[in-house]
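S.K.: Assembling the complex is the task here: the two chains are given apart, and the hints tell you how they should meet.
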Amino acid sequence: MSKSTSTFPLSIGPTHPAFKEPVKFSFEVDGEKIVRTDMDFGYTHRGIEHVARERNFIQVIYLLERICGICSVSHPMAYCLAVENAAGIEVPPRAKYVRTIIGELERLHSHLLWTGVAAHEIGFDTLFLHTWDIREKVMDCLELLTGNRVNYAMLTIGGVRRDIAPEHYGILEETLDYYRELYNRTREILLEDLTVQMRCRDIGVLTYEDAVALCAVGPTARASGLPKDVRIDYPCNAYPDIEWLRPASPRDIGKEPRGDVFDRMIVRVLEMKQSVEIVGFCLDNMPDGEIVVESKAIKLINQLKKVKGDGLGRYEAPRGEVAHFDILDEREGPAQIKVKAPTYSNAAAWAVMFNGAEIADIPIIAASIDPCIACADRMTVIKNGCGGLSFTAEELHRLSVEKQKRIKATCGNS
Amino acid sequence: MLASVYKIIEQFFTEKSTNLFPAKRKPASVSEFLARKPLIAPVPTPPDYRGRLAFDYQACIGCAMCEKVCPARAIEMYPVIEKEKRTKRIVIYLARCTFCSECVKVCPRDAITMSGDFMMADYDRNSPSLVVGLEERRKNEVAPEEKPDTPQE
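Line by line, the protein sequences give chains X and E.
Take the numbering used here: the last position of the first sequence gets the number 414, and nothing is skipped along the way.
Take the numbering used here: the last position of the second sequence gets the number 567, and nothing is skipped along the way.
Simulated from the structure, these hints should not be mistaken for lab results.
Just so you know, not all the hints are guaranteed correct.
To be verified - Derived contacts from chain E toward chain X, CB cut-off under 8 Å, selection only:
hint, residue
1, Ile422
2, Ser443
3, Pro458
4, Pro460
5, Asp462
6, Tyr463
7, Arg464
8, Met479
9, Glu481
10, Phe513
11, Cys514
12, Ser515
13, Val520
What the hints assert, rightly or not - Straight-line Cα separation of at most 30 Å, BS3-like style, residue types lysine-lysine; simulated pairs:
hint, chain 1, residue 1, chain 2, residue 2
14, X, Lys255, E, Lys421
15, E, Lys519, X, Lys308
16, X, Lys305, E, Lys553
17, X, Lys306, E, Lys482
Said to hold, decoys possible - Label-pair distances were calculated between CB atoms; the ranges are:
hint, chain 1, residue 1, chain 2, residue 2, range
18, X, Phe391, E, Phe427, 57 to 65 Å
19, X, Glu54, E, Glu555, 23 to 31 Å
20, E, Phe532, X, Glu54, 24 to 32 Å
21, E, Pro558, X, Lys308, 35 to 43 Å
22, X, Arg246, E, Lys430, 36 to 44 Å
23, X, Arg180, E, Asp462, 41 to 49 Å
24, E, Asp462, X, Glu181, 21 to 29 Å
25, E, Arg539, X, Thr410, 30 to 38 Å
Every residue gets a Cβ at the ideal spot worked out from N, C-alpha and C, and that includes glycine.
This is chain E alone, in the form it adopts within the complex (with noise of 0.2 Å):
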């Protein structure tokens, strides 16, 4: 009994680590509001945390490796030409990652990496926040080869 009495009474003088809901009723200013009274911040994630993805265009090959090992088949081929030879890149789809960072470990480049930011909240499940890649598919996606056992008129 007198054990949990002592943890009531000290939870009066530990430090806050969770913000109250700002305002009671709304403020004329939501951002002159939020900007007069500091937040307190998020905790700070661990060295080798698994947060948001990374992609380096000019150092992927197209190996496909990643799309393999994808548990939720988040990366998707495109495909490219570089150097005058045709290959392919991945746009990896964030709102069905799970972030088990396999791909991270499959890829002989090293082309994807993690970063600890887990603050990725959107509306749109495709919007280019969401989408690691998505930039580079618009400027260098190039029309699908036409496969050779097509019948030819």
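Bound-form chain X, shown alone (with noise of 0.2 Å):
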């Protein structure tokens, strides 16, 4: 590293308080303000890919709820969706209800959950415990559709696991008119609160032009003033059906974006109000019928024994767009899982929000993109017992190339 005379390194992780998960980031600070910043991933990989190829199509999709604690129906989502479009399943209509209707709850909790964590970064823990307390409902209907609080398991490839009772119609009615109550109170705390402003206005700005260039997804990419909503662009589920669904975006309650923290927040109150609204429609117009299309695990593995192809699910998880890519070839398994979890297209972003902030704002910044470490760790790289390699563009794509031929040969000429 060349020695400068008016900056000073600061390196800060791979564990350190004001992250949730490792990463390890090396900025050069000139007194207060960072004029550079590089960042380093890799301290959570944990071989998940390499698993589910060692795995079942069902036992994949219980392993893969467990790439991220939050997103967990976001990932097994794609992959069911991947593996499904691969071998040409066609899911009956309640169960794609059914799915968005948990998809939904999810990112309603997800969104709650940023929040929160967004005002204990900038010292506002009122609000956080606020944030938290209102959750609770969420996640108590949760716990009663799908039987757990996290790792819902209610994805099965072609179809969902549980159905929604008639009894349950009553207790999901109440938790939507309970937040549709909340909403108003809770947006004046968010977003009319002075402490709240004076920490994210002008904070972290991604612009337009760098939200493209970088590829940023989900409520990162929006908060720049990018419709861009994986929901609306590619619908699956029972999103096609809903015509009122657009982009969230902060012009929606008259401000230009600026693509800063704020805007951010702006735009997760938004999908929060817009989720209770895309549940409520999945309730009125639920059609009857099957919720499976083979209920026999057994049965349904050997079914998907005879499938040879390659199919591509994407999803838009809270964070953003979440995209997998299965490779079948008549195994009990996929015989090749690929996962693009958002946090690996928005971290790219987090070097251009970083110029020119303060130290003090490296929390909320960081936190802005909701960031997964655990969810994008898919690769790391140890020679000799210790890190510190580094690949150029044209070298990672070579090994990508290399690893495409590698596969093809192992997987026949699928």
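M.R.: The structure is reproduced here in structure tokens:
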């Protein structure tokens, strides 16, 4: 590292109380101002893709649920969509609606969780406890519908595992009314309180051009004015039926998007409202019928064993787009599986956001993209027992071409 | 601003759902102390909660389907002799279990069921409270069958 008289390096991480997960930041600071940012990932690599290749189709669902504790329906959803895509399975309409309801309830609780974390990062702990308190209601609702607060085990290939029983409708409607009533008060605390505005306005700015160039996804992109949402662009489940669904934007409440932390908060608050309305729509228009194509797991595995081909599944997780690419090769489980988590796309935007920020704003800027490092860690390089290897773009491209050839050789000519 | 103040005041009048740490310093007798002051009970679980597994030894037919679908590989098969026939039964290691209820659903005889019990903490992962079907295993397990392809002297 070159030595400079005006700046000095500041290293934060891999484990630091300001971050919820291990990630290492190397900043160059000039006084209080950050002039350059470097990031280092790979401290929570668990080899999930490798483990998934040694398990059968049913086992993989529960493994992928554990990629991320908060998006624990988004990853299996993308995987199920990918396998259904490859095998040509058509999901029954009722299952599509149940999937949408569970996905939207998850988005609601994830955004409430994020709001609490963001409030905690700016030192506003009253708001943190308030949002986590109102989050309990949706967690109870999910527990009632799926049997657990996290890791819902709700999805299976070709449908869902549990139906929404008639007695659940009343409780769900009650929960939605609770959130509709709370919306105005919560919005007032979040979006009109001076404490939040002072710490979040014009902090961690990601401009529209940068968001396009760095391929930001999810609320991070939408806060920069990018109308990008997988639910609308590549609709799956019940989303094609919801005609009024539009990507949330700060323009909805009459503010021009600036791409700062506050805009990300606005987008998430609006999306919470959107989620409540989507769940309401699904409950009103719930079709009757089957909830799964093949309910017997062993039979399903034997059916998928005959399939050869590949499929891509895309789904809008609370944090952004999650994509799974699966190759099926007449085996009991997926021959290859590739996971693209939203944080992988958004992490590059950090480098721009941190530029010009102050050291005290590091936690809130880092938290503003709702990072899930464990989701994004897909590769780690170790040489002679220590890290520190770096690759250029050309080398990475060459390695990926080599790997693609290797996969093709092992999977026949699929 | 007013909304936050209102929320804080509201908190003084809501019913508590958590227990404070019960003592400031160590009481003379812990059990006596706890009995004197009743604790707030845990929130009840919903009807279809995925809690502790129960295994019905008599209903099981040893088809090994649960072992095949178990994502955590928490189910182990052991040989037994039932009705003069060689078959297999299972034990479930709850310390490994992910509580996905896939085995409950796949079982053709409903030999595995789930309850609402979630308090399972223990110091030893192989303790009898964390291994479902351990008692039956101790009672009924027989030596594994000799493989026919092993060379005979």
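S.K.: Using the nearest Cβ pair, does Ser443 (chain E) come within less than 8 Å of chain X?
M.R.: Ser443 (chain E) check fails; min Cβ-Cβ to chain X is 35 Å, beyond 8 Å.
S.K.: Given the hint of 41 to 49 Å, check if Arg180 (chain X) and Asp462 (chain E) actually sit that far apart at their C-beta atoms.
M.R.: Violated, since Arg180 (chain X) and Asp462 (chain E) (Cβ atoms, about 27 Å apart) do not stay within the stated range.
S.K.: Taking the closest Cβ pair, is Asp462 (chain E) under 8 Å from chain X?
M.R.: holds (5 Å)
S.K.: Once the shortest beta carbon distance from Ser515 (chain E) to chain X is found, is it less than 8 Å?
M.R.: Holds, about 6 Å.
S.K.: Per the CB criterion, is Tyr463 (chain E) less than 8 Å away from chain X?
M.R.: Holds. Min distance 5 Å.
S.K.: Is the straight-line distance between the alpha-carbon of Lys305 (chain X) and that of Lys553 (chain E) 30 Å or less?
M.R.: The hint is violated at about 39 Å.
S.K.: Given the hinted pair Lys255 (chain X) and Lys421 (chain E), is their Cα-Cα distance within 30 Å?
M.R.: holds (27 Å)
S.K.: Can we keep the Glu481 (chain E) interface hint, with Cβ of chain X closer than 8 Å?
M.R.: It is violated, given that the least Cβ distance between Glu481 (chain E) and chain X is near 11 Å, above 8 Å.
S.K.: With a cut-off of 8 Å, does the beta carbon of Met479 (chain E) approach a beta carbon of chain X closely enough for the hint to hold?
M.R.: holds (6 Å)
S.K.: Within 57 to 65 Å: is that where the Cβ-Cβ distance between Phe391 (chain X) and Phe427 (chain E) falls?
M.R.: holds (59 Å)
S.K.: Can the hint on Arg464 (chain E) be confirmed by a CB-to-CB distance to chain X that is less than 8 Å?
M.R.: holds (4 Å)
S.K.: Hint check: is the beta carbon of Pro458 (chain E) less than 8 Å from a beta carbon of chain X?
M.R.: violated (11 Å)
Checked against the numbered hints given earlier, this structure breaks hints 2, 3, 9, 16 and 23; the rest are met.
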